[in-house]
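Can you make the complete structure from the sequences, with help from the hints?
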Amino acid sequence: DGGITQSPKYLFRKEGQNVTLSCEQNLNHDAMYWYRQDPGQGLRLIYYSQIVNDFQKGDIAEGYSVSREKKESFPLTVTSAQKNPTAFYLCASSITWGGRNEQFFGPGTRLTVL
Amino acid sequence: AQSVTQLDSQVPVFEEAPVELRCNYSSSVSVYLFWYVQYPNQGLQLLLKYLSGSTLVKGINGFEAEFNKSQTSFHLRKPSVHISDTAEYFCAVTTDPIYNQGGKLIFGQGTELSVKP
Chain A
1 DGGITQSPKY
11 LFRKEGQNVT
21 LSCEQNLNHD
31 AMYWYRQDPG
41 QGLRLIYYSQ
51 IVNDFQKGDI
61 AEGYSVSREK
71 KESFPLTVTS
81 AQKNPTAFYL
91 CASSITWGGR
101 NEQFFGPGTR
111 LTVL
Chain B
1 AQSVTQLDSQ
11 VPVFEEAPVE
21 LRCNYSSSVS
31 VYLFWYVQYP
41 NQGLQLLLKY
51 LSGSTLVKGI
61 NGFEAEFNKS
71 QTSFHLRKPS
81 VHISDTAEYF
91 CAVTTDPIYN
101 QGGKLIFGQG
111 TELSVKP
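Residue numbers (the numbering used here), protein chains in the order written: chain A, 1 to 114; chain B, 1 to 117.
Incorrect hints may have been included.
What the hints assert, rightly or not - Some chain A residues close to chain B (C-beta under 8 angstroms, calculated; not the full set): (1) Leu43; (2) Leu45; (3) Ile95; (4) Gly99; (5) Glu102; (6) Gln103; (7) Phe105; (8) Gly106; (9) Pro107.
As the list claims (entries may be wrong) - Just the calculated beta-carbon pair ranges, DEER-fashion: (10) B:Tyr39 - A:Asn18: 25 to 33 angstroms; (11) A:Phe12 - B:Lys116: 28 to 36 angstroms; (12) A:Ser73 - B:Lys116: 39 to 47 angstroms; (13) A:Asn18 - B:Asn100: 27 to 35 angstroms; (14) A:Lys70 - B:Gln10: 38 to 46 angstroms; (15) A:Asn84 - B:Asn41: 14 to 22 angstroms; (16) A:Gly3 - B:Glu112: 24 to 32 angstroms.
None of these hints come from the bench; they were simulated from the model. Bear in mind the structure is a predicted one, so any value in this text is a computation, not a measurement. For every residue, glycine included, the Cβ atom is placed at its ideal position computed from N, Cα and C.
Structure representation (structure tokens):
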């Protein structure tokens with residue numbers, strides 16, 4: 001079955017540590033996205049990638065970094081510079097960037113900073 | 001820039017009753033509109049979308065929505081809800097990438113639908 005996988009489902013981090021969230025898709029989509037979800041705030045865009053080896057900052061990129069070395073993979077690193085990283089992180093993909101194209105979502109990773 | 005407002009943060013309703021979840025958007029150019037559903041601790045699933053054409057859009061699980069350009073609204077409706085419809089619902093708007101800030105999907109704050117027996 002085609003889809004998006006995210007791992008791990010739950011992640012605990014000590015303050016000052018960097019952590020990397022995995023996102024893999026086998027839908028052959030060009031575009032991929034990372035969102036952060038906090039209660040009562042909807043989803044906010046962290047980074048997006050329109051094509052392999054290219055990515056752009058979204059609305060809340062500070063304290064995060066990404067790479068897009070393969071079409072299938074778009075890992076997100078939460079760095080120690082992110083002041084409040086505890087949140088639910090969602091990865092998504094679409095056939096091409098933006099507009100009328102439906103975004104497909106992974107199951108999410110819940111990050112908790114201890 | 002585009003924005004989305006979901007007018008109700010929580011909507012409690014009894015099973016088999018009708019429900020309407022309200023969504024208003026702001027945009028100076030033509031829009032594409034989406035409703036997504038999220039069950040607890042899961043990702044989002046598309047319910048329905050408006051791209052063009054008929055303003056009444058039918059989606060999965062018996063949901064439908066009506067695009068009203070004059071009122072800049074895209075309210076979601078279901079004539080009879082089930083316990084299994086309990087979830088959070090998100091309205092989202094985007095525009096064509098040729099426009100400034102276009103292409104990005106902007107989400108509302110979400111509405112928690114709670115269906116009670």
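Okay, the hints, checked on the actual structure:
no.	hint	verdict
1	Leu43	holds, 4 angstroms
2	Leu45	holds, 6 angstroms
3	Ile95	violated, 13 angstroms
4	Gly99	holds, 5 angstroms
5	Glu102	holds, 6 angstroms
6	Gln103	holds, 6 angstroms
7	Phe105	holds, 4 angstroms
8	Gly106	holds, 5 angstroms
9	Pro107	holds, 5 angstroms
10	B:Tyr39 - A:Asn18: 25 to 33 angstroms	holds, 31 angstroms
11	A:Phe12 - B:Lys116: 28 to 36 angstroms	holds, 34 angstroms
12	A:Ser73 - B:Lys116: 39 to 47 angstroms	holds, 43 angstroms
13	A:Asn18 - B:Asn100: 27 to 35 angstroms	holds, 34 angstroms
14	A:Lys70 - B:Gln10: 38 to 46 angstroms	holds, 41 angstroms
15	A:Asn84 - B:Asn41: 14 to 22 angstroms	holds, 20 angstroms
16	A:Gly3 - B:Glu112: 24 to 32 angstroms	holds, 26 angstroms
When each numbered hint is compared with the structure, a violation occurs for hint 3 only.
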